[in-house]
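Let the hints inform the model, and build the full structure from the sequences given.
Protein chains in written order, with the numbering used here: chain P, 91 to 747; chain S, 605 to 990.
Just so you know, these hints were derived from the structure itself, not from any lab.
Model, not experiment: these values are computed from the prediction.
Note that the Cβ used here is the ideal one computed from N, Cα and C, for glycine as well.
Distance condition first, Cα-Cα at most 27 angstroms in a straight line; then the derived DSSO-like pairs of lysine-lysine:
1) S:K732 <-> P:K92
2) P:K200 <-> P:K461
3) S:K931 <-> S:K695
4) P:K92 <-> S:K702
5) P:K92 <-> S:K695
6) S:K732 <-> P:K99
7) P:K168 <-> S:K668
8) P:K121 <-> S:K732
9) P:K125 <-> S:K732
10) S:K990 <-> P:K92
11) S:K668 <-> P:K711
12) P:K534 <-> S:K668
13) S:K732 <-> P:K165
14) S:K732 <-> P:K168
15) P:K598 <-> P:K582
16) P:K114 <-> S:K732
17) S:K701 <-> S:K732
18) S:K931 <-> P:K99
19) S:K701 <-> P:K92
20) P:K165 <-> S:K668
21) S:K990 <-> P:K99
Ranges between beta-carbon positions, derived for each pair:
22) P:V226 <-> S:P749: 35 to 41 angstroms
23) S:R690 <-> P:E129: 46 to 52 angstroms
24) P:R111 <-> S:Q958: 44 to 50 angstroms
25) S:K702 <-> P:D708: 43 to 49 angstroms
26) P:E524 <-> S:K702: 52 to 58 angstroms
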Amino acid sequence: MKYEELAGKPNIPEIQKEVLRFWKDEAVFEKSVNKPEAEEVVFYDGPPFPTGKPHHGTILVSFIKDMIARYWTMKGYKVPRVWGWDCHGLPIENQVEKNLGIDDKNVIEKELGIDKFNDRCFELVSGNNEAWKDYVEQMARWVDYDGAYKTMNPEFMESVMWAFKQCYDKGLIYRDYRVTPYCTHCETSLSISDTRESDSTRPRQDRWIIAKFKTEEVINGKPVFFLAWTTTPWTLPSNLCLAVGSDLDYAFVDVGEQIYIACETVLPKYEKIFGKEPVIVKTCKGSNLVGITYEPLFPYFAELKDKAFRVVTADYVGADEGVGIVHTAPAFGEDDYWTCKNNNIPLVNPVDEKGRFTQEVTDFYEPDGEKNVIEMNPVIIRFLYENGKAVADGTIEHNYPHCWRCKRPLIYKAMDAWYFNIGKIKDRLIELNEEINWVPETIKHGRFGKWLENARDWNISRNRYWATPIPIWECDTCGDRTVLGSIDEIEKASGVRLNNLHRQYMDKVTFKCSCPDCNGTKVRVPEVLDCWFESGSVPFAQKHYPFDNKEWFESHFPSDFIVEYTGQIRCWFYYLHVLSVALFDKPCFSNCVVHGTILAKDGKKLSKSSKNYTDPMDLMKTYGTDAFRLYLYQTNAMLLSVTCSLTTTAYRTLCSR
Amino acid sequence: MQQIVLPYWNACNFFISYANIDGFHPEELTAPTSDNQLDRWMLAKLWEAADRITRNMDAYYVNKYVDSLIELVDGLTNWFIRRSRRRFWEKGMSEDKKNAYETLYYVLVNMTKLFAPAAPIISEKLYKTLTGNFSVHLDSWAEIPDCYRDDELLNQVKLVRNVIYLARSIRSKNNVKNRQPLSTLSVVLSDTAGIPVVESFKEIIAEELNVKSVEILDSAESVAQVKYAPNFNEIRNRYPNRIPEIIKAVKSGKFKLLADGAVLEINGVESVFDSEIILVTYQAKAGQHVASDKGIVVSLNLTITEELRDEGVARDIVRSIQDNRRKMGCAITDYISLDISGNVPQNWLEYICQETLSKQESVIEPDMTYELEYEQGKKVCISLKK
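What follows is the structure, given as structure tokens:
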């Protein structure tokens, strides 16, 4: 008997075709997971958005997942691998808006209808999932692609509802009116994490302005003004107080006709305002300024005179930016919000859902206006100069948060939202992190550990349509709340049996309030859940736990391993951990492999437009997936180091025969 | 790929070509029991790679995987197969040849399992070819018995290969090809424990480097001038608070370099530091050619005598005939006729015939005739016939 002779040089593309065909024809992957007697290694596959296209990053993560799973398979385990799709959320809604030419929530709610809009979203995510299929096969990645779980399936959504109710019952969900990042285009609040995602917070040029606030004081016959610096002139109409640092030194500077108050150390920075040799008539500590009142910059909220328009102290005030006096508008900044709350100053919020001024702001309100407040900045600056209320302006490049989907700049705005009380479980989050094996291990107490320590309550509500509706019903008369955590519970409460849990059906579910005195009707709250709540539910929701697979899940949790790129440390890894700890008091995964991102040779991001990388599909078909895999496994990107050049040239040196 | 997939493929190809000639085709995989040092080394190398990969993967530490594969493939092709070639060329099936086959086969099959998670496609193809089994991905992981572990032997060969690697670097730097025999390689080791190792591998080193003799010197002074300098980077990293005094002590020569550290005299007091803080360089003395790394200094005598030159020419001729045998489509065992004339080193004719499986005779209708200019103005004319 003889061995089949090999060619002098391997014909890689031919061999690849032959082996891939063999795996498919003989269902080799299926055989590897259909081993009833074998123990199971549990792995969760992070779901991509179905509208996304595979790229080098998604390929690297696939390669690592596949390598680990094949290893455990050969060690005698079975490693089921089920693909998933993250079907909900803003990215899908944005795409549908674009396809329909809609730019306005009013159109969706009043003209098109939520039902039609959601139908369009459903069509979109049901359509183009095929883009990945060819990739998955060429990557030699073994995964159950056709049996993928979808976050929009009723079973998945029911498990999410169950999880929400569990958290609610544990007192982890509350409603509050506070400042949150807000997208005026998508017309929804976002979570703090959304603003940290990849490059959501990025440099942006803005105008800064120094405005002056007239006090009642007069020195040497000259009126005295406070100065305050801001990069958001549009918040000045809502100014309600000025914050100073209690230990900072403030100078009263005579600039001719008037006297300006600013932090002493900033004077040289603003020579144009204070002169080369400032004439200081008096100095004092910030604490001595507290309580001094000033004339409102704009008259819109002058009726609050007794409660607002005075100087307070705040510990975040420094002299490194601006003039050491911080203009404070409680509805539009988190610090501002708390500073005012602590000083019993009320809140004014004259900005509507679209980010436009409301009627109170008479000078800038435009009844049919399109401009949002950021776009109004130049108008406001001009107005302030014309009315002698500005002393200087300029431009600044600073890091500013943007909407992670529509890319437009965000604003901070006070509004009602549902929060997940992270503070309450923070200690357990930190303790249970100790049980996770992080690769590389520095993540445990580094980027993940630090993130946990500084974690804040999570805004889980979105004022949108295409996601799992928040399953809270409130009485329109007495305000009593009912939280429903399953299709059965909904049926029991309302008599309606739903087989689709999206808003167009859930919103119609109403039922009588059970209070003896009130004759009210319970109506669902309008918000939907942040999609991260759904992704964080993947471990149990993909198995429709606890409605199905109860025994299996409880004996196979935490999972053995997950693998994703560094960006998920604050996202998927975090939300998985939060929900696991909240629901099961366990970590979600025993091992977590984190890899870096691949950059082009020039250190820039891989981008199609600059053509700084080769189509991975071409590489795999020409040089062979194995060579590509071996190459990527060897790069620094395997363990975090961010740069790893990937160009055809680099690749060719590896592959040249 | 150049470093890994092709050598892997070539190693399998080598095995299959010879196994098919010798009818080596075991029913199942048996664990080799060879005493041959090369076999023991190769199995130890396999054990080491499997152990490393398994331990790393058990801990989900994914990133050194390919490095381990590269090292294993390098050991297999650039040491084991290279050193074992003649064992496979032997006629018949001696015990040693059988051991070589069993070792090579065992290593290839298990190495393929180690490749499988990382390079699932090529490993599937080669595994099916080598074993006839259904799929490598449905078979069990490589479990290499601990009896193959031999750290001492691995360390010895590592030292030997480092010596060879350094000496080769002298050849390539001076453009003296490996086929040109040279007289002497001198080796100096800072760790004297390595001396008996080099001593026992002398013949192999000589053969690998194509030198007539290998000698071990007590010190590098006869071949090179040793220079010591402070290694600023290391000093900065290791002793950031003592930079100036360390530099001063090294520069003024107030130190002793021992095997496990550097003793520096600072302000009349001796204290021990990491030896890395002193940079040792060797400057070759006139007529010498020196390379050094990790406590090894080698010096290669590049003087080429007439005798050495003739031998080199003979090797060039052998090489060209072998290339052309392949082009003519000769099987490894085919004899050919050879007609050779010109500046042929006569003492080496028999050697040339032996190495190329040829009979020297006048060739009437040659399959191939060509001239080989092995040196400016010096030519041989060669005719070959199958």
